[in-house]
Amino acid sequence: MTDPTPLTSVEARELLPARIDGPEAAVGRLWDPSASAEAPADAVVVLARLDADAWAHWRDAGIAAVVAPSTDVDALADVRDGDPARWAVADTRLALARLSRRLDPRPAVAAVGVDASAVVDESARLGARVAVGPLAVVGAGAVLEDDVVIGAGASVGAGARIGAASVLRERVVVKDGVIVGRRCWLHAGAVVGSDGFGFAPGPHGAERIHHLGTVVLEDDVEVGANACIDRATLGATVVGSRTKIDNLVQIGHNVRIGTDVLIAGQTGIAGSTTIGDRVVIGGAAGVADHVEIGDDARIAGGAGVTKSVPAGDAWGGYPAQPVRRWVRERYLIGRLEAIWAFVKGRA
Amino acid sequence: MTDPTPLTSVEARELLPARIDGPEAAVGRLWDPSASAEAPADAVVVLARLDADAWAHWRDAGIAAVVAPSTDVDALADVRDGDPARWAVADTRLALARLSRRLDPRPAVAAVGVDASAVVDESARLGARVAVGPLAVVGAGAVLEDDVVIGAGASVGAGARIGAASVLRERVVVKDGVIVGRRCWLHAGAVVGSDGFGFAPGPHGAERIHHLGTVVLEDDVEVGANACIDRATLGATVVGSRTKIDNLVQIGHNVRIGTDVLIAGQTGIAGSTTIGDRVVIGGAAGVADHVEIGDDARIAGGAGVTKSVPAGDAWGGYPAQPVRRWVRERYLIGRLEAIWAFVKGRA
Amino acid sequence: MTDPTPLTSVEARELLPARIDGPEAAVGRLWDPSASAEAPADAVVVLARLDADAWAHWRDAGIAAVVAPSTDVDALADVRDGDPARWAVADTRLALARLSRRLDPRPAVAAVGVDASAVVDESARLGARVAVGPLAVVGAGAVLEDDVVIGAGASVGAGARIGAASVLRERVVVKDGVIVGRRCWLHAGAVVGSDGFGFAPGPHGAERIHHLGTVVLEDDVEVGANACIDRATLGATVVGSRTKIDNLVQIGHNVRIGTDVLIAGQTGIAGSTTIGDRVVIGGAAGVADHVEIGDDARIAGGAGVTKSVPAGDAWGGYPAQPVRRWVRERYLIGRLEAIWAFVKGRA
Chain A
671 MTDPTPLTSV EARELLPARI DGPEAAVGRL WDPSASAEAP ADAVVVLARL DADAWAHWRD
731 AGIAAVVAPS TDVDALADVR DGDPARWAVA DTRLALARLS RRLDPRPAVA AVGVDASAVV
791 DESARLGARV AVGPLAVVGA GAVLEDDVVI GAGASVGAGA RIGAASVLRE RVVVKDGVIV
851 GRRCWLHAGA VVGSDGFGFA PGPHGAERIH HLGTVVLEDD VEVGANACID RATLGATVVG
911 SRTKIDNLVQ IGHNVRIGTD VLIAGQTGIA GSTTIGDRVV IGGAAGVADH VEIGDDARIA
971 GGAGVTKSVP AGDAWGGYPA QPVRRWVRER YLIGRLEAIW AFVKGRA
Chain B
671 MTDPTPLTSV EARELLPARI DGPEAAVGRL WDPSASAEAP ADAVVVLARL DADAWAHWRD
731 AGIAAVVAPS TDVDALADVR DGDPARWAVA DTRLALARLS RRLDPRPAVA AVGVDASAVV
791 DESARLGARV AVGPLAVVGA GAVLEDDVVI GAGASVGAGA RIGAASVLRE RVVVKDGVIV
851 GRRCWLHAGA VVGSDGFGFA PGPHGAERIH HLGTVVLEDD VEVGANACID RATLGATVVG
911 SRTKIDNLVQ IGHNVRIGTD VLIAGQTGIA GSTTIGDRVV IGGAAGVADH VEIGDDARIA
971 GGAGVTKSVP AGDAWGGYPA QPVRRWVRER YLIGRLEAIW AFVKGRA
Chain C
671 MTDPTPLTSV EARELLPARI DGPEAAVGRL WDPSASAEAP ADAVVVLARL DADAWAHWRD
731 AGIAAVVAPS TDVDALADVR DGDPARWAVA DTRLALARLS RRLDPRPAVA AVGVDASAVV
791 DESARLGARV AVGPLAVVGA GAVLEDDVVI GAGASVGAGA RIGAASVLRE RVVVKDGVIV
851 GRRCWLHAGA VVGSDGFGFA PGPHGAERIH HLGTVVLEDD VEVGANACID RATLGATVVG
911 SRTKIDNLVQ IGHNVRIGTD VLIAGQTGIA GSTTIGDRVV IGGAAGVADH VEIGDDARIA
971 GGAGVTKSVP AGDAWGGYPA QPVRRWVRER YLIGRLEAIW AFVKGRA
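Protein sequence lines, in the order shown, are assigned to chains A, B and C. Residues 671 to 1017 (our numbering) are what the first sequence spells out, left to right. Residues 671 to 1017 (our numbering) are what the second sequence spells out, left to right. Residues 671 to 1017 (our numbering) are what the third sequence spells out, left to right.
None of the hints are false.
For identical chains, the list gives no copy identity; a pair is met inside one copy or between any two copies.
Pairs of lysine to any residue, SDA-like flavour, derived with a Cα cap of 20 Å: (1) K977 to E962; (2) K977 to R994; (3) K977 to Y1001; (4) K1014 to L1002; (5) K977 to E999; (6) K1014 to I1003.
No wet-lab data here; the hints were simulated from the structure. Being a predicted model, the structure only gives us computed values, none of them experimental.
Next comes chain A alone, as it looks inside the complex (with noise of 0.2 Å):
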């Protein structure tokens, strides 16, 4: 852990962005709303909601400054000299996002440059200010961009590339020849780049399929630990730009996902099937091989997805069907004591 530099209210104005009421701050950590001990004079913490009670507990429990919606702070009636700055956001969870990361003290990097353990074979190729950390593997003519970061024990395969800034944390696999965009996370134990789960029916048992495609990430994609993406048949399994990826969540050969995609954790997308851009799918769905989920298509937890989704839907279910059908179809159901009752005292 390091101390990250204070954070002004100047620099604050422009990064949140806010609007500063009260007196000038300067903060160093960010509080957890839930705590329950007082406040170091450094903690900024981030409120979705701060009304009359919230103000007083926060202003005893002596915080440098308190990040609320405009309209809260707006509506504060008791303000006073020596009072902690409000700074008035329009997104209270943008503001999170961004002081999270200001804020962070954990260290990108232990130390920039290859670790003594790492094994880097010497034709991988390794830009500017990269860090490899302990144990990791670099393989034959793999390519690290600038400010490239390798965990612990990770595995960058022959031929692969990994774009600018892109973080591999711990025990990573990425596979021979995977394309890995900028400013990438892959979080420990993924694995990208795995032969798919297909095989050929042959006269002495299933033959298998060798995945001689791969994988394509394109920039700020995030895949979460121990989860899957599988390399294409031929061609390439292509995850678009910000799209984001839970943990365990496993992506099968030739699926192609758009950009701006939520993909919540142990969710299953099956072969060759295409997701659009801005879709949003809950944790522990599943979706069968061979489909198409349309832009911005919102696909609820645990749903079973078994065909085709157009663009703009919300799905649920299993198997899956549009949510308010769904919906009716619960309600309906709800509905069959009394059914029941009807039909057995006619019948």
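Following the hints, put chains B and C in place on chain A, whose structure we already have.
Chains B and C alone, transformed into the frame defined by chain A:
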């Protein structure tokens, strides 16, 4: 494998605990009740039921001792000199657990000390009898208390603390600052303390919320192979004492799990949800974010829990509901054929 | 990547097997049928259908050979001198599998021998042409038969045996005493032989049952990335020959799986369940403990199997039931709107 020292009747009386009938015996290995081969003369078998047929079988198999329910042992009609010992217990499963621990031939650790190939930061603090396996990594300022075992290729992050006698199996990742209690077992590939899945929509796509909190595993917690437990946004994700988490389970950021909870394989608990004490959750269940599962609740395998569950309740289904209601709903759906015939006949 | 030696018509006739129409050809790479670019002159493409339009396209693309169903090749009306070769096959998927294996440019192993950074116990026994990758660990008394490949960072436990020509990819963990057959493929991050999830309630909380059994993978088994197969309490968890297990699948302790089974991604099989031969299980299905799935049964993706399934049956749904009944149930639920209107109208 190392042969454990033989377990005598005297020790068994205390350990299981058991009432000893028949000859003194010393056993060195736990025998598989489903094995068809003859048993070696130093074997003990644990039987959930011991009737006359089973007794005849095991007497002939030449086994040293039979562990069985006291009532079954009392009811044995045909016992002669030279027969195997009968160890009568109140709870055969508990006896199995204790015998399996006592007679485990696998050394917990190949050798105490730090393997020459491990990379241990010089600022890490190691207690007595700590074992750090080959190619493991221990980061700056990490603390390994007495008798900790770090498996091959496992990684302990900067500032993390591993409590006395805890065991990290192969390739486990414990991230920076995570607190692991005493006597915990983390199985191969588990990831504890990765950043949670939290983003804020920004003008140029989702912006990641850095997770500045941590994970606290209390004492005697077990985490399954390739399971993931995310660190909190702020504060801590907490797993209570004696809670057991199976393989491939996902625990989201800021989840709080009570004590003595059992969570079976592939279940997912989404962010900020609270699980009470002694809750039992079946395999592949999903629990939504920000809900509360009360103490002693039971959740069926495969259930999709979308709202809070009262203490003591049993829920199942997708979306989940009280099991009694779910069973009734299944019954009524089974009546649909008759209902439809009735309606068609009169419409 | 290394260019494979070109595959000639003569070899293709035997390998696929194919009937050869048109010119002799020697191909060096397998081409993606969905690629829009022109094909290089040494490429072969496998087409599930070859009609006149496709033929015109691939002729123009300048490809060396087209693999297509015999009936489609026979029906080609417009064939001239200088056209690409037609390799007529009975089964294009099988042809794809065999071409993908024959033309895989990825060397199975960077170099035969033990990498200088690997940690191999001196009591381990290595056969001919074994390759142990960087930072891999091989424990005491382990046996690696001829032609085994151990990937970077993989770990083979004490006393484990890896059969001839089996491949462990990056970071695979094979625990102590596990038996892996011949020609098995274990993908990155898979864990085979971790302790099962078994506990006994004791006076001070759950007591762990140490799992003293093992795992046996027979020949030609495939285990997906980050999948987990637990060792038996006593005896063995068994996976039969030619069975293929996809990514993130969980196989519980004491499960017995037959031969030629296919289990798709994220499916879970709970403890002590038996799966027959040639069973096919879709993705994200769950099978309860202590049930039996008969030979040739088919389980739909997402199904929750709570009881035994007869041989040859197809089941789906949650809880799972015969597919025919499940489809009928879905149909009847679709009639609920009409039923409810009828009942409301007469109540």
